[in-house]
Amino acid sequence: MPALQSNLSTVTLEEYESLPENIRAEVFDGQIYYMEGPSQEHQAISTELTTILNSYMKSKKSPCRVFHAPFDVKLSDSPLTIVQPDLMIICDKNKLDGKRCNGAPDFIIEIVSPGNPADDYIRKLYYYKNAGVREYWIADPRRKTVTVNYFEENILNVQYSFDSTIKVNIFDDLLINFSEISDLMNFS
Amino acid sequence: MPFPQKQVYTSKDYWNLPEGQKAELIDGQLFDMAPPNFIHQKLVSVLHYAIFHHIKTNNGSCEVIPAPFAVNLNSDDKTWVEPDLSVICDRNKISSRGCEGAPDWIIEIVSPGSTRTDYLIKLFKYRTAGVREYWIVNPVKRMVQVYYFGLEENSELFSFEDEIPVGIFPNLKLRISDLL
Numbered sequence: 019m020p021a022l023q024s025n026l027s028t029v030t031l032e033e034y035e036s037l038p039e040n041i042r043a044e045v046f047d048g049q050i051y052y053m054e055g056p057s058q059e060h061q062a063i064s065t066e067l068t069t070i071l072n073s074y075m076k077s078k079k080s081p082c083r084v085f086h087a088p089f090d091v092k093l094s095d096s097p098l099t100i101v102q103p104d105l106m107i108i109c110d111k112n113k114l115d116g117k118r119c120n121g122a123p124d125f126i127i128e129i130v131s132p133g134n135p136a137d138d139y140i141r142k143l144y145y146y147k148n149a150g151v152r153e154y155w156i157a158d159p160r161r162k163t164v165t166v167n168y169f170e171e172n173i174l175n176v177q178y179s180f181d182s183t184i185k186v187n188i189f190d191d192l193l194i195n196f197s198e199i200s201d202l203m204n205f206s
Numbered sequence: 314m315p316f317p318q319k320q321v322y323t324s325k326d327y328w329n330l331p332e333g334q335k336a337e338l339i340d341g342q343l344f345d346m347a348p349p350n351f352i353h354q355k356l357v358s359v360l361h362y363a364i365f366h367h368i369k370t371n372n373g374s375c376e377v378i379p380a381p382f383a384v385n386l387n388s389d390d391k392t393w394v395e396p397d398l399s400v401i402c403d404r405n406k407i408s409s410r411g412c413e414g415a416p417d418w419i420i421e422i423v424s425p426g427s428t429r430t431d432y433l434i435k436l437f438k439y440r441t442a443g444v445r446e447y448w449i450v451n452p453v454k455r456m457v458q459v460y461y462f463g464l465e466e467n468s469e470l471f472s473f474e475d476e477i478p479v480g481i482f483p484n485l486k487l488r489i490s491d492l493l
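Chains as they are written, first to last, in my numbering: chain Z, 19 to 206; chain U, 314 to 493.
Read the hints as simulated data drawn from the structure, not as lab findings. The structure displayed is predicted, hence computed values, not measured ones. We put the CB at the ideal spot given by N, CA and C, even for glycine. Some clues are possibly wrong.
[Said to hold, decoys possible] Calculated cross-link-like contacts (lysine-lysine; reagent style DSSO-like; alpha-carbon spacing at most 27 Å):
#, chain 1, residue 1, chain 2, residue 2
1, Z, Lys113, Z, Lys76
2, U, Lys454, Z, Lys162
3, U, Lys335, U, Lys486
4, U, Lys369, U, Lys335
5, Z, Lys78, Z, Lys111
6, U, Lys325, U, Lys454
7, U, Lys391, Z, Lys147
8, U, Lys355, Z, Lys147
9, U, Lys369, U, Lys391
10, Z, Lys117, Z, Lys162
11, Z, Lys147, U, Lys454
12, Z, Lys79, Z, Lys185
[Stated by the list, open to error] Residues of chain U clear of chain Z, computed beta-carbon distances all greater than 10 Å:
#, residue
13, Leu330
14, Glu413
15, Pro425
16, Leu433
17, Pro452
18, Phe462
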């Protein structure tokens, strides 16, 4: 099922910020969409990817910073669009105001949850591309695929399997080995 | 491909295009539509026939209309598309100038001039507008990308040789190679 949508009235930034702490939601053009909590598998993949990205940034002494959900990214003020990507890399620290990222991250990875694949593949693809995200990956543990969209070069929908090592296009030598990550997914 | 962006276009521009010039209006951008080639028209023709025949023999009330046919996707006069084939089951949406609101099923035949970004935009707009099913038919690759937007959202890639189940008509399956 697609992510649950509330009634059709639009939500303001103040209303979004006064949602209870435990409610996870995103806003697209003023429409609020509530999110389910992440699964164990989702968390395992996210933790591993955060570690890999973080290690790389540190080793390069890169000014880019790695964040993971929940962290608000405001892509547009009016109409209001605020997302909480699973993983992101933000290189322009002027976008960070202590509360959220204002503007498009350079790189985003979403880990598909069973409930809402089309939201990642269709809705977010559209919004991220429009907002100026440079590169967007969709990791799908169900289909065991990673879909790479390198917006900067107009490259869309390049699919890899979960046993691939994939180069991040916007960095010179950052490679992510998904077979190591998928090994972690074999819980008993 | 989009027109050169000197301004934001409106429905007035869409309805006042010079004679013979065809375009779609999405988010204030006009997207040029090249004249279709033979295989494009043949696909529209055979698909129209197959769907029309199915509706007729089942005494259905849905309409299946080929381009040129103006669809005001969100009934807001801001987005006007011209799908190659539109299946509309709610007769109230059909006005003299076209369709007001989302068709149930849209089929588009890939033409050389359209880009992947064009389809990304359409995919998002159609899903958001409430289209229930969307087929992208590629005559060069002989493949069909099918999106089911209903309660059970799914997307599948078929070849022209596959029997493709129609989501909105449970008794209808189409094998494009048989139709051509």
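Structure-based check of all given hints:
1. Lys113/Z x Lys76/Z: 20 Å, holds
2. Lys454/U x Lys162/Z: Holds. Lys454/U to Lys162/Z sits at ~25 Å (cutoff 27 Å).
3. Lys335/U x Lys486/U: 32 Å, violated
4. Lys369/U x Lys335/U: Violated. Lys369/U to Lys335/U sits at ~31 Å, over the 27 Å cutoff.
5. Lys78/Z x Lys111/Z: 17 Å, holds
6. Lys325/U x Lys454/U: Violated, at roughly 37 Å.
7. Lys391/U x Lys147/Z: Holds - the C-alpha atoms of Lys147/Z and Lys391/U are around 21 Å apart, at most 27 Å.
8. Lys355/U x Lys147/Z: Roughly 34 Å between the alpha carbons, so the hint for Lys355/U and Lys147/Z is violated.
9. Lys369/U x Lys391/U: Between Lys369/U and Lys391/U the Cα gap is close to 33 Å, so the pair fails against 27 Å, i.e. violated.
10. Lys117/Z x Lys162/Z: Violated, at roughly 34 Å.
11. Lys147/Z x Lys454/U: 26 Å, holds
12. Lys79/Z x Lys185/Z: 19 Å, holds
13. Leu330: 25 Å, holds
14. Glu413: With a cut-off of 10 Å, Glu413/U remains clear of chain Z, as the shortest Cβ separation is near 18 Å.
15. Pro425: With a cut-off of 10 Å, Pro425/U remains clear of chain Z, as the shortest Cβ separation is near 16 Å.
16. Leu433: 6 Å, violated
17. Pro452: Non-interface label on Pro452/U holds, nearest chain Z Cβ at 19 Å vs cutoff 10 Å.
18. Phe462: Given that some Cβ of chain Z is not farther than 10 Å from that of Phe462/U, nearest at about 7 Å, it is violated.
Hint compliance for this structure: hints 3, 4, 6, 8, 9, 10, 16, 18 are not met, and every other hint is.
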